[in-house]
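Chemist: Sequence:
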Amino acid sequence: MPVILVRTLDDLNKNITKYGNPENNFEDAKLVIHRLSKLRYELVTNKPFATLFPEPACSDIDQWNSEIARLEEGQNTAFSAPWLFTECYMYRRIMNIVSQSLPSFDPFTERKLEGFKNSRRLIASMIACLDQTLANTEEGQPADRLKFYLACSLWSNEFDLSLSAGNTQVENSEGGVNHLRQDVLLRLQNNMAVDELDDIVRSWLSWEPATVALVMDNTGPEMVADLILAEYLLCSHLAERVVFYPKALPWFVSDVTPKDLDWFLVEGLPSIANAGEVEPKVFESISGWAEKWRRRFENGSFSTISHPFWTLPLGYNHLRSTAPELFRSLTQEASVTIFKGDLHYRKLLEDRSWAASSEDPKFVFGRCFPSAFDCCRGSSPLILVLRVAKSDVAVGVSEHRHSKLVKEDPDWWTKGKYGFAQIVSLA
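Each residue of the sequence shown is one higher than the last, beginning at 1 in the working numbering.
Hints were generated in silico from the structure; no laboratory data involved.
Please note that a few of the clues may not be correct.
Below, simulated DSS-like cross-link-like pairs (lysine-lysine); rule was C-alpha separation at most 25 Å, straight line [said to hold, decoys possible]: (1) K259 x K18; (2) K362 x K147; (3) K292 x K281; (4) K147 x K417; (5) K362 x K404; (6) K117 x K404; (7) K14 x K117; (8) K417 x K117; (9) K404 x K415; (10) K18 x K38; (11) K30 x K47; (12) K147 x K30; (13) K38 x K14; (14) K292 x K259; (15) K14 x K259; (16) K117 x K281; (17) K30 x K18; (18) K292 x K147; (19) K30 x K14; (20) K417 x K407; (21) K147 x K18; (22) K404 x K417.
Since the model is a prediction, treat every value here as computed from it, not as a measurement.
I would like the entire structure built from these sequences, with the hints used as guidance.
Modeler: Here's what the structure looks like:
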């Protein structure tokens with residue numbers, strides 16, 4: 001965590017004239033730098049967590065301060081509090097500090113922009129892959145195509161700047177469509193800790209198309225993979241509309257915000273077409289998708305809902321009681337809900353050390369979505385999680401697979417190498 005703060009401070013120091021106000025000699029940016037430095041000192045010296053300043057534009061401050069007060073004395077510091085709480089606290093304090101002087105500033109902007117720049121060729125290959133699929137709708141089986149785009153969305157979760165402490169280097173960024181397809185298939189064969197994609201696809205194809213909820217994780221290639229998955233679902237009549245759930249605040253360095261989505265469609269995607277790094281045919285396609293996706297958000301076939309619950313330090317067993325309208329959207333208004341990424345997975349498991357090799361995770365996931373496991377309920381959504389493991393929490397890994405993974409590397413689940421395509425609930 002201190003590394004993240006150091007990089008954030010470094011970015012702001014280097015760009016103080018870009019983000020600060022020259023009319024007050026950039027005192028607004030200097031104050032943010034001072035307070036972020038103080039936050040870093042508090043964390044590394046294990047000081048008790050301070051409460052948050054009021055933020056008129058945010059509705060979560062009272063709850064955050066209540067959660068801080070709820071921590072017992074001696075368990076309310078960076079080294080003594082639950083790790084998930086400490087991580088979330090650091091990011092919420094960063095944004096609380098920023099909001100006081102630079103309310104429109106995203107402290108992770110420079111990391112996101114650099115990561116996007118380094119992934120332009122990969123993004124172009126992903127879009128070319130979608131073009132190829134939509135131009136050859138008679139090739140392959142619908143189940144195989146859906147499985148492939150779900151797998152692309154899963155493996156794009158590798159690109160997490162909080163895991164790499166803000167390092168923006170992107171690997172496997174070249175090679176074109178064929179390389180991309182081969183890479184995804186190899187990962188499905190060799191790098192899955194839990195692979196329930198066949199069951200997910202079988203269930204999905206048996207239902208009438210309706211609303212799909214996609215609870216997002218990272219910007220960059222992952223955000224693009226999610227947009228591509230959503231486009232494929234609509235074009236294949238596997239969804240009527242897709243609702244994206246980004247974070248309300250800049251979070252864990254690279255998490256998607258509504259502002260990130262807007263920037264990508266207005267500036268980011270067109271900039272790939274204009275970068276001179278793609279073939280003319282791909283150039284035209286990328287420009288076209290930027291316009292088409294903007295129209296989708298305008299006509300409602302794509303939409304976004306940001307909610308403060310995602311940036312609370314709570315497990316999703318609190319979702320129903322804390323954010324009942326959000327719970328209703330995910331479990332009653334959507335026929336399929338997809339959670340993306342490691343942080344959402346940790347919160348689904350309440351960041352507890354459940355037995356990874358437990359082959360029946362229903363009890364664990366049922367704590368978050370009890371109605372989905374109520375046999376008296378008429379219908380339940382398909383709820384699933386797509387995650388590349390970056391933390392040591394898991395359930396549902398078969399005994400055989402778990403033994404093999406541990407033998408290969410005892411720390412397998414923290415390396416960002418193994419994937420989970422896992423059913424949380426199935427009607």
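Chemist: Could you run down the list of hints and mark each one as holding or not?
Modeler: The hints, checked one at a time:
no. : hint        : verdict
1   : K259 x K18  : 18 Å, holds
2   : K362 x K147 : 23 Å, holds
3   : K292 x K281 : 17 Å, holds
4   : K147 x K417 : 19 Å, holds
5   : K362 x K404 : 23 Å, holds
6   : K117 x K404 : 37 Å, violated
7   : K14 x K117  : 19 Å, holds
8   : K417 x K117 : 23 Å, holds
9   : K404 x K415 : 15 Å, holds
10  : K18 x K38   : 23 Å, holds
11  : K30 x K47   : 23 Å, holds
12  : K147 x K30  : 49 Å, violated
13  : K38 x K14   : 19 Å, holds
14  : K292 x K259 : 18 Å, holds
15  : K14 x K259  : 22 Å, holds
16  : K117 x K281 : 20 Å, holds
17  : K30 x K18   : 12 Å, holds
18  : K292 x K147 : 24 Å, holds
19  : K30 x K14   : 12 Å, holds
20  : K417 x K407 : 15 Å, holds
21  : K147 x K18  : 44 Å, violated
22  : K404 x K417 : 14 Å, holds
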